[in-house]
Amino acid sequence: MALDVRIPAREDAASRLDEGAQTQGAVPGQTRDYFRQKVWLTWAVLCALLGAAFYALHLDFGYVGQKLPFLLGIRLSPDGFIQGAVLTVFVTGCSMIFALMVAFLTALGRLSRNPVAFAIATFYASLFRGTPLMVQVLIIYLALPQVGVVLGGLTSGLIALSLNYGAYLAETIRSGLMAVPAGQREAAMALGLPRWVAAWKIIAPQALRLIIPPAGALFVSMLKDSSLVSLMGLWELNFLAQSYARSSFHYMEMLLAAALIYWGLSIVFEVVQLRLERRFGKGVAARGAHATGPRKA
Amino acid sequence: MLVCVPLTHAGTTLDRVKRTGVLNDVLVESYPPFGFIDAGNQLAGFDVDVAKAFAARLGVTLKLATPGWETIMSGRWQGRWDICICSMSPTEERAKVLSLPVQYYSSPAVLTVHKNEQHIKTVADLSGKRVGVGMGSSYENYVNKTLVIPGAAPIAYPFRDVVAIPGDETVNFRNLALGPGVRLDAIISDLATAKAAVESSHALKIVGPVIYAEPNVVATEKGDTDWDHTVARIFNAMKTDGTLAKISQKWFGQDITHDGP
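Those sequence lines, one after another, are chains A and B. Residues in the first sequence are numbered consecutively from 1, following the numbering used here. Residues in the second sequence are numbered consecutively from 1, following the numbering used here.
Derived by calculation from the structure, the hints in this document are not laboratory data. For clarity, every value in this text was computed on a predicted model and none was experimentally measured. For every residue, glycine included, the Cβ atom is placed at its ideal position computed from N, Cα and C. Incorrect hints may appear among the rest.
With the Cβ distance kept under 10 Å, some of the chain B side facing chain A (calculated, not the full set) [unchecked claim]: (1) V26; (2) G40; (3) K63; (4) P67; (5) W77; (6) Q78; (7) G79; (8) T170; (9) A177; (10) S200.
Derived DEER-like restraints, expressed as beta-carbon distance ranges [claimed, not checked]: (11) G93/A <-> Q118/B: 51 to 57 Å; (12) S127/B <-> A52/A: 43 to 49 Å; (13) A53/A <-> G223/B: 53 to 59 Å; (14) H258/B <-> A217/A: 57 to 63 Å; (15) N116/B <-> G152/A: 46 to 52 Å; (16) D226/B <-> V135/A: 35 to 41 Å; (17) V135/A <-> E93/B: 18 to 24 Å; (18) W43/A <-> E93/B: 50 to 56 Å; (19) L256/A <-> K115/B: 24 to 30 Å; (20) N236/B <-> F61/A: 47 to 53 Å; (21) F81/A <-> G167/B: 27 to 33 Å; (22) D15/B <-> F81/A: 23 to 29 Å; (23) I97/A <-> T240/B: 54 to 60 Å; (24) G167/B <-> A52/A: 30 to 36 Å.
When you get a sec, could you build the whole thing from the sequences and use the hints?
Printed below as a string of structure tokens:
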């Protein structure tokens with residue numbers, strides 16, 4: 001719920017596939033259908049071109065079919081653990097949750113008036129954004145044991161991914177929180193709402209609307225960066241594709257199969273992001289529909 | 001899971017294996033035919049079969065892990081793994097960070113070129129050429145003239161200015177198969193892996209005499225002499241009674257487990 005204190009209706013920053021036409025202003029339904037049809041048609045043509053390119057590579061599709069159940073993770077690994085795409089999704093999902101928690105705390109620290117909290121938050125964000133993820137993964141896996149902390153490959157990977165992406169996400173969350181006009185909080189105070197109600201019901205929904213698109217992009221990126229845990233011998237999608245390729249000399253087949261699976265998973269992420277965007281953008285879209293006159297960007 | 005371990009002292013590894021009844025063995029899963037993932041998604045190869053035989057002798061369950069070559073050979077396992085039956089060649093650097101209790105096979109280093117290659121016939125023809133070697137392998141040391149095999153005669157380097165291209169060995173073989181000199185001029189590797197690559201690509205050939213004899217050893221974490229003695233005793237017994245020879249016959253059609261080139 002946003003307190004309507006006469007903010008100029010803003011252009012929705014997110015490009016929404018289905019409502020691409022709508023964001024250009026009030027468009028009749030017919031035009032919107034036309035736009036949508038053209039979008040799907042172009043997608044279909046591009047997919048066909050990509051498919052033709054694969055076909056021209058003379059791939060051994062039989063081999064891909066044989067390895068697909070393992071790549072997708074429908075079957076368990078030899079030691080009975082999840083593997084392939086299932087492990088990739090598991091690693092990404094867990095890291096996402098931890099990264100969100102870390103990022104939220106860091107964003108609060110960044111906005112805090114307490115100098116120690118501010119220093120810790122900025123130090124952490126700077127350190128983890130300023131060093132390569134691969135180095136972080138290896139340090140956590142290989143260097144921590146030297147001081148007596150021996151972590152498994154999975155734990156090390158989750159920690160590295162969570163801390164790295166938490167640092168980036170913190171900035172996203174901070175910018176979202178800062179973008180909510182101060183008037184919103186002041187209006188909530190004026191109405192006598194308690195602080196937590198103001199934060200939860202007034203600030204959070206408006207900030208989320210701005211946080212979701214860049215956060216979604218980060219999670220799609222994390223999905224693919226999760227392949228770095230293969231450095232520690234976890235049998236996730238990238239690890240299996242590379243190992244099969246090396247054992248059988250079927251490089252193109254395995255790399256392309258893995259790429260397509262990553263892409264498919266990314267599309268699922270994108271759809272989830274779109275739905276969340278729509279849910280949290282509702283109030284703005286409704287306001288936009290009633291707005292008269294030219295919109296301000 | 002978070003496990004705090006005290007510093008390694010004599011008996012640690014052996015105690016742990018006895019207590020848990022599990023042998024944690026590491027190997028490389030992209031080094032066919034010594035270690036690879038087979039059609040049924042199981043780890044297979046010479047090294048895997050040797051590990052199975054060793055664990056059976058010890059009377060414990062075998063657990064395999066594939067943490068990557070660099071991780072394995074940089075040592076300091078801190079109790080993560082008990083043994084590496086992973087085709088490691090003994091070098092002075094490795095002996096500093098790992099214990100190398102026993103040799104289990106010997107396979108020579110050979111030179112592989114594209115089948116249309118006309119000029120490279122022995123390693124003496126490698127001057128100024130680009131030579132693919134496994135990243136962090138003893139062959140990389142050889143090309144850079146820094147290979148010292150403990151207890152063996154010094155190695156001759158009849159070439160100069162060779163450009164070492166370290167990378168994944170199977171990726172290197174694929175690059176060499178593109179044509180002579182396209183990305184690589186030659187590869188120096190183990191005879192058995194070279195044979196496997198030649199068979200699967202049909203575009204490569206092994207040339208020249210054996211470059212140097214290369215022992216391959218079992219590695220353990222430094223500091224547990226009891227464990228090292230146990231490992232050496234069991235491996236020597238498996239050599240004597242023909243267990244290793246039988247596994248070698250299965251994978252290579254010959255016995256590579258007896259000493260000598």
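Hint check:
no., hint, verdict
1, V26, "8 Å, holds"
2, G40, "9 Å, holds"
3, K63, "7 Å, holds"
4, P67, "4 Å, holds"
5, W77, "8 Å, holds"
6, Q78, "4 Å, holds"
7, G79, "7 Å, holds"
8, T170, "4 Å, holds"
9, A177, "9 Å, holds"
10, S200, "5 Å, holds"
11, G93/A <-> Q118/B: 51 to 57 Å, "56 Å, holds"
12, S127/B <-> A52/A: 43 to 49 Å, "46 Å, holds"
13, A53/A <-> G223/B: 53 to 59 Å, "55 Å, holds"
14, H258/B <-> A217/A: 57 to 63 Å, "59 Å, holds"
15, N116/B <-> G152/A: 46 to 52 Å, "48 Å, holds"
16, D226/B <-> V135/A: 35 to 41 Å, "37 Å, holds"
17, V135/A <-> E93/B: 18 to 24 Å, "22 Å, holds"
18, W43/A <-> E93/B: 50 to 56 Å, "54 Å, holds"
19, L256/A <-> K115/B: 24 to 30 Å, "28 Å, holds"
20, N236/B <-> F61/A: 47 to 53 Å, "49 Å, holds"
21, F81/A <-> G167/B: 27 to 33 Å, "29 Å, holds"
22, D15/B <-> F81/A: 23 to 29 Å, "26 Å, holds"
23, I97/A <-> T240/B: 54 to 60 Å, "56 Å, holds"
24, G167/B <-> A52/A: 30 to 36 Å, "31 Å, holds"
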